[in-house]
Amino acid sequence: MAFRNYILVCGGTACESSKADAIYEALMAECNAQGVSEEVQIVKTGCFGFCEQGPIVKILPEDSFYVQVKPEDAQELIAEHVVKGREVKRLLYSKDPVKRHAKVEDIKFYQKQYRIVLRNCGFIDPENIEEYIAREGYAALEKVLFSMSKEDVIEELKTAGLRGRGGAGFPTWMKWNFTKQAASEEKFIVCNADEGDPGAYMDRSTLEGDPHSVLEAMTIAGHTVGAQKGLIYIRAEYPLAIHRLEIAMKQAREYGLLGTDILGSGFDFDIEIRLGAGAFVCGEETALLASIEGRRGMPVPRPPFPAVKGLWGKPTVINNVETWANIPVIIIKGGDWFSQIGTQDSHGTKVFALTGKIRNSGLVEVPMGTTLREIIYDIGGGIAHDKAFKAVQTGGPSGGVITKDYLDTPIDFGSLSKLGSMMGSGGMIVMDEDDCIVDVVKFYLNFSVDESCGKCSPCRIGGRSLANLLEKITKGNGEMADIDRMREIGEAMKKASLCALGQTAPNPILSTLHYFRDEYLAHIIDKKCPAGKCKSLITYSINPEKCIGCTACARKCPVGAISGERRAVHKIDPAACIKCGVCFEVCKFGAVDVR
Amino acid sequence: MIHMKINGMPVEIEAGSNILAAAKKVNVNIPTLCYHPDLPAWAACGLCVVKQENSPKLLRACAAPVVENLSVITHDAELYQIRKTVLEMILSTHPSSCLTCGRNGTCELQRFAAEFGIREQPYEIRLTDLPKDTSTTSIVLDPTKCIKCGRCVQVCQQLQGVYALEFIGRGDNTVVSPAAGLPLNDSPCIKCGQCSAHCPVGAIFEKDDTREFVRAISNPDKHVVVQIAPAVRVALGEAFNLPVGTITTGRIYSALRRLGVDKVFDTNFSADLTIMEEGTELVKRLTTGVGAIPQITSCCPAWTDYMEKYYPDMIPNFSTAKSPMMMQGAITKTYYAQKANIDPAKIFSVAIMPCTAKKFEISRDENMYASGFADVDLVLTTREFARLIKASGIDFAVLHDEPADSPIGMYAGAATIFGNTGGVMEAAIRTAYTLITGEELADVNITAVRGMDGVRTGEVDVKGTKVRVAVAHGMANVSTLLEEIRSAREQGAEPPYHFIEVMACRGGCVAGGGQPYATTDDIRGKRIAGLYTDDEKSVYRCSHNNPEIKQIYADFLEKPLSEKSHHLLHTTYTERKIYKK
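Chains A and B are the protein sequences, given in the same order.
Using this note's numbering, the letters of the first sequence correspond one by one to residues 1 to 595.
Using this note's numbering, the letters of the second sequence correspond one by one to residues 1 to 581.
The calculated lysine-lysine pairs, modelled on DSS-like cross-linking and capped at a C-alpha distance of 25 Å, are:
id, chain 1, residue 1, chain 2, residue 2
1, A, Lys-404, A, Lys-387
2, B, Lys-84, A, Lys-472
3, A, Lys-494, B, Lys-51
Since the hints were made in silico from the structure, they are not lab data.
Same shape as in the complex, but just chain A (with noise of 0.2 Å):
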């Protein structure tokens, strides 16, 4: 029977913390209330991306796009919507309020995205299976059982030229012929879910939403190279996205689409969950492999590589999410269909999530190819509050930023790297002229620094090292011998880090000593912080001739450093002030001043 409605509320991580949920049983109870529950179906789907305009519901046939919902907002949706089919227009997203965008496709956040790892998300309820099976799902694990042999499906994936998109971007044909080469008994496929760069969210989400594709390309790759057991590592942080794999699980197992005789071809495989405890070098293949079997999660020296000596020194297939979930649409595109999308050296889509000073923040998939310019002036909409760009750093804390000149890289694997940052997982984090790019920097370090395991010294050491310098650099007591130390500390952990972790932590440093140079400089011989962030480079004053004498600091100020009487002008003492900035903050006349 068909509705005469469908609302898709949006059920990722972000927008559930947004309400979504009470907007969910809001619709519901209207719908009840206003007796057209037997007409509308409400579904709680996967991310749209468009967190920035979250919560988002979306309902169909209409298409129409309702952004940063209420649960309030409910009675409104269904009262003008579905009863009497018109749009609520104050809740559709718009750019500028005059001229209210209704449809999707309207919307310049989505023109130049192209959805393949991304296709369902925010389609299909990820809780019911028949949904997923609706949009093709499991016809490719089909596909391969049936009618393909096992030497097909890795020409297939061959000729798509795909490419891990965890951070090597290895080929992902050769790992699965390693391993299905590898003579042994026992072989295992591995889901990397430990997704961890700070911003990023492209993982959790696809899982979220869409978490049968990840069981199905598990499978797939089960039955091509011989394995009979897959494990997906994700992080315990990720409560939704394990319940809803949970669900998936237990879904396709009652379908027979996992464990015993699936789909009666007499191939056996099953799939469990291992729950990660948030370390970010887990992300790294050999230490996740580690924490698999109980271990203290370290890197270990390759060769030998996972593909042939892998969980339990047997050969194992450790693909992350976004990989996994390419696979279907390729085996049912054809690889050739998927290798027209993109560049020479990289193709189909990468998905970002596009976080920091961006107009429009979200998750995106764009083509291999998409310059930086088109993510972030028209899928973005450009900076925020209208500021100038600054820098944009991608690959999460390992990557370099990249500054304006090179806006109109187009991104494959091969370009990232040579601009000194690199593709990562798909952290893209823009920054504006307020940001200060040694702090930045400082904040990436730190965090790399957090994240080593402690084991090779490079890494443990000179993470810290850097950490330290730039400290002493943003208190105002750096020298210029510092940026000599720091390079040097940079380009030894590159070379002989163990891992990745340890060998692009100095990224961040090392790209803006080339690009930020006489930022570094100002902050070290001028002793200033030109975006006024470094707090221990800058003083308050307040401009007697803009100072009205309303008293409006005086009264935030927490710590009472600012006197001055009625209409008369207000004075900072510097041995007090905490440089808070509130005092900036609430001056309607612009008269405090910042150094």
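Chain A is fixed; fit chain B onto it per the hints.
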């Protein structure tokens, strides 16, 4: 065979070797602080990075296997700079208090700092201020000096299977310590000291008791009596640049007299005594059916501690015979004291041992006080003894040989091979054969039990009776044997072996935790060969033929397993918790 190039020089090397070994073949040394040939590559320090032709990625020479046609550059300006920076980083977290460090002169980090000409500390010095762990009487952990190379953790876990040491904390808060930061003495530690023998710096160190020794010899009221263990005589020479494997027994006796000790005895005498007691015990178990089979040797205190913690169900299988050192201590303060008419309270009994666990053994339970006093008052390791000789101005290398003192200083060849894996087994077979058959063995060389395989099994033909024996060394290897015994026991089957020898350290006591540094399998082999030479040169090859042994039974002990023997020479075992708390 793999063919590759090191700095343009062709190298042919076995597949599976690492680049370090390939470089060594063409006389190129690549620096490393974490790699040790006893252990799989851990790849922590970052010093051994090398370049490969046509690839921007550096390889770790310790971990990278040799590959056909690989061409590697081991030294150039860039690698020099990287290594120097890594060294400077390590030095920024390591105290520069070399002069007061026990590894002054033998420290591997100090050596590289010298070779790389490091003259300043460019990076901020950050030292940990964690306290020393002095909870055991054997080894001291000094976390301030630890460079986290991981050798000790690997030794403890993989070579010894003890899992006392672990990495705790993350990033630059990482420390090496027993689980949950417990003191070593409350941990599963068996005091074998292999961690201290493998530590490249002074972070794990034998507890230094040389001062106690000096105090005793300068005290006129103390009658200082010293015994030396079998393995000491074949390793001490290395500290004095003598060729590895040189037997220096006579020079040690001489040095001890110059140090001012009153009597020079030899643990080897009590090794013979152990064979009499333990051999008789074995024969009794085999012939009367009283006592559990297999019988397992008990002379290694680290092994005993391990068994009491991890395999207490093996207690009935353990020989009740004390270790030779403890037997020697007990008869020193009874038999010798009576013979020499000396008040045992005045005797200060010292043992020079290749082993740190021996320091723990002397007070492990009340049976170690069988004479009514501490049977052994002090244990010095080979390394401490070497320092003492040097500090006393004794030119050890050219000393003249002197004999040991009577009546507990003479030994048979069977005793001296107690210092190597398989030696106790061989010595026991030599005597057990005679005890069972009443005849002497035609060939006393039992080569079937010799060798370096971690577990060796064999069968000895005692006039038609097949005695199944097994030897294990390196603590981690013992579980295979013990699991076999357990499963036979559970199934009610006949025990797979009659007699088992276990030594905690790889190669046996010759490579004990208190022996000179830089022990490798090559050095183990040479030390073992040295002991077999000592055995072959001995007048008596079998313990039961040692005249002083015959005499002690005639004059004092009566016979093996006599009541007096039981009181002085045998002990008991208790199940112990792996973690004390």
